[in-house]
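Asker: Sequences listed follow chains B and C, in order. For the first sequence, counting from 1, position 266 maps to 380 in my numbering; every step adds exactly one. For the second sequence, counting from 1, position 167 maps to 174 in my numbering; every step adds exactly one.
Think of the hints as simulated: they come from the structure by calculation, not from any bench. Some hints here could point you the wrong way.
As the list claims (entries may be wrong) - Footprint (simulated), chain B over chain C, 3 or more residues, beta carbon under 8 Å: (1) 32-41; (2) 53-59; (3) 169-183; (4) 195-209.
Stated by the list, open to error - With a straight-line cut-off of 30 Å between C-alpha atoms, the simulated DSS-like cross-links for lysine-lysine are: (5) B:Lys658 with B:Lys587; (6) B:Lys661 with B:Lys587; (7) B:Lys587 with C:Lys83; (8) B:Lys658 with C:Lys83; (9) C:Lys232 with B:Lys661.
Just so it is clear, CB atoms sit at the ideal spot from N, CA and C, and this is done for glycine as well.
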Amino acid sequence: MWPLVRAMVGALVGYLVGITITVLAGLGGVNSEVALVFGYTLGLVGWLYGIGLGRTWVREWRGLPARPDAIEGWRRYLTFSTDHKVIGVQYLTTFIAVLVLGGISALLMRIELSRAGETIMNAERFNMVMSMHGILMVAVAVAAVLGSFGNFMVPIMIGADDMAFPRLNAISYWLNVPVALGLILAPTVGSFDSGWTAYPPFSTVNNHGQTLFIVSVITFGLSSIFGGLNILVTVATMRAPGMTWGRLPIFVWGAVSASILSLTVTQFFAGALVLVEMDRIAGTTFFNAAGGGDPLLYQHLFWFYSHPAVYIMVLPSFGLSLEVITHMSRKPLFAYKASVVAMLSIVGLSLIVWAHHMFTSGMANYFHAPFMFLTESISIPTGIIFLSALGTMWRGRLRLEPPLLFGFIWVFQFLMGGVTGIFLADVATDINLQDTYFVVAHFHYTIMGGVVFGFLAGTHFWFPKISGRMYNKRLANIFAVWIGLAFQTTFIPMFWLGTNGMNRRIADYPEELENVNLFVSISAVVLGLGFVLFIGNMLHGAIKGPKTVGNPWSATTLEWQVASPPPEHNFHGVPTVLATPYTYGSTMRHAQLADEPITAPLVGTAYEGD
Amino acid sequence: MRGRRGDWSLLFVLWAVFIVIGELLAWKVDLLPGNYAREGEVVDEAYILLIALAVPVFAGVAATLLTMMVRHTTWKLGDAPPTEDGRYLPHHRTLTIVWVTVSALLAAGVAVNPGFVGLRDFRGEQRADHVIAVQAQRWSWQFTYENGAVATDELVLPVDERIRFDLSSIDIVHSFWIPAFRVKLDNVPGRTTQLYVTPEREGDHADNFNLRIQCAELCGLDHAKMAVPVRVVSGAEFDRYLNSLRTGV
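This is chain B alone, in the form it adopts within the complex:
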């Protein structure tokens, strides 16, 4: 507990110093937004110093030996641990908690929207809850898969003992706590109510909470950039002998592709938010037309990040779902090379489609046709992902296990998301559908369906690896079917609502739409309740679940060749990789561990292509 207390004291001291500087320098009062910016920034520095940088980097800079906290047992999850497995679990638990918070805010919205008129909250509170739901869930989608499984699994899957930059990794995680605090505490200074998109000029004239939103989201971006950098360098430099790029498990490719994006485009969002903050506190007019600024500039900058961000969210989930489907089908991943090319093509294409979010924004008309065409061409690489998933399942030895069930549902969800995306890429239909519930339904299919269901597939697949225990599989299957069905009844009617005149982000709607909204709200509550089952099952499994064998799925990748949970440095000695990770149905072996007696004939050769 001690490091956390130290961090909180550090944060508080930093915050107070920031406010004092603001007041002494005459930049603003104690309650001003300038004070918030300085207080948060120095508070963040104090937080990082207290949590562990003070005892490591700072001491080393002063020429003293580092003295990291040596805390064992479950308490190490509350420390500045540099072990990628601890950090993976920290991410996993933190973002499941954020997912629950985001889910609760979604249910509050749905209860309000169950009837026309005001039911449980006024429009002001609704806008607060809606904006909170948006940004919390975006954070979950960006970091849940990459932060937890990217950290925990990628190093083991490539035969490394840790990430390339373990301390940077710890910083990436610990930056998330001030982010969460900043966002959750924002309503105390006046909630941010401009959605997660924060379009100016609205976001330059609303409550002080918007400032906390801005500094928190920039901090989150920093964490995302560090994380992306770390994964890229790790995969580039720390692969075991024989682990060629062509032998990387597909989840690693998903993590690599997403990391390329998070390393390179996150800055645009941060930059745009800095400009918004300047407009708020420094008197600039970047987005104020009266002062020569342009509101559309923000939208271009914002979507230049936020469209690729969709792929930062889904690419790890593509990789994860394909990984799970492969192992649960007991067949090699179908069209491996094609799906790697597909992921990298998505990375490239995602950078040149951003303005399809702006067909109704008033931007120049000649932008419409090229952005429509480019957007529609993304369906080609995405189609390859489907080819890969279906080709892998084709006549596989599929066994009804929870990860497979989530894999099935994932294919369906992303199919729905992909097909309905065409209606939003097409200019004519998008002009009507933009900013309606059709969009809400579509991106919940891609982001919740694609990312969260992929995340759940991964959670149920790797749970025994991480905890060394097994959850109740029957309950997990019930959970999968439950939320799989409740998801459809929640979101399919939203397509209808969107085409029938209900726009998004509204606290109230025409009475004519009341019945369908009530149905959606009831389904949403059922969907939300399903997650109680999930949390209960995971907690019970982690504490009381039966001890599992090291490799309960008989999976071939490296992480399953070591004990569950993995030993401190993952491997005893360095493993040698001999062949593709997916050797199902062949006599090849993926890898030979250093401490493992040679029992099977070795087929495949290190350092050579497959």
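Start from chain B and add chain C according to the hints.
Answerer: Just chain C now, kept in the frame of chain B:
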């Protein structure tokens, strides 16, 4: 081992059934609410065409998934780690090439029609019989007609005449959306955006609640309530309405 032929038979039967259901849904079921404008027809045609094109793709993936669930999944929880593998089938060059080619053709086809075609038809000609200035502010709309008459409580439009809306905003970004016309464009501070519409059916908000302007860009507290009824009337009645506005009757 289960026969190869059974997989393909089931797949094609399911595919065909799904396609029939989906196409019936697309062409025979009225999925969309009442439409009052020529531009809206373009949008609705594109919508139906996209559903019709998406159905076979959707049906194919769903049929394959279902075939695998029915014929190759053991619906029994096992406790022991699995021991049996499927066939080593890492790739199939021809299938991949066909798959990519078909999806590229589909993407290109959709981009042409309804894509480019719909875009051209939606825009129509840059000519207007009437110009109405629409100024948005939190949380109301103000309409200025050509004769200088100003209204805020409703928008009245003549049927079968081409109208250009000059959209502007005096505070933050709003969005001018008339669901029954299927048109939408943002009101952006500092610039005037132009939207053409040709109403082709008379009606008012009491006939269809989607005959309304609804702000579609989040603008704060009363964003949801930033809505005004729209009434489409005959040319003669439109003139009478303008005169009444002018004389303040």
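Asker: None of the hints should be skipped; say for each whether it holds.
Answerer: Consistency of the hints with the structure:
1. 32-41: Check passed, 3 qualifying residues.
2. 53-59: Coverage by chain B holds here, the residue count being 3 at a Cβ distance below 8 Å.
3. 169-183: Result for this restraint: holds, n = 5.
4. 195-209: holds (count 5)
5. B:Lys658 with B:Lys587: Measuring from Cα to Cα gives roughly 14 Å; hence the hint holds.
6. B:Lys661 with B:Lys587: 14 Å, holds
7. B:Lys587 with C:Lys83: Distance ~11 Å between Lys587 (chain B) and Lys83 (chain C) Cα, so the pair holds.
8. B:Lys658 with C:Lys83: Roughly 24 Å separates the two Cα atoms, so the pair holds.
9. C:Lys232 with B:Lys661: Violated, at roughly 57 Å.
When each numbered hint is compared with the structure, a violation occurs for hint 9 only.
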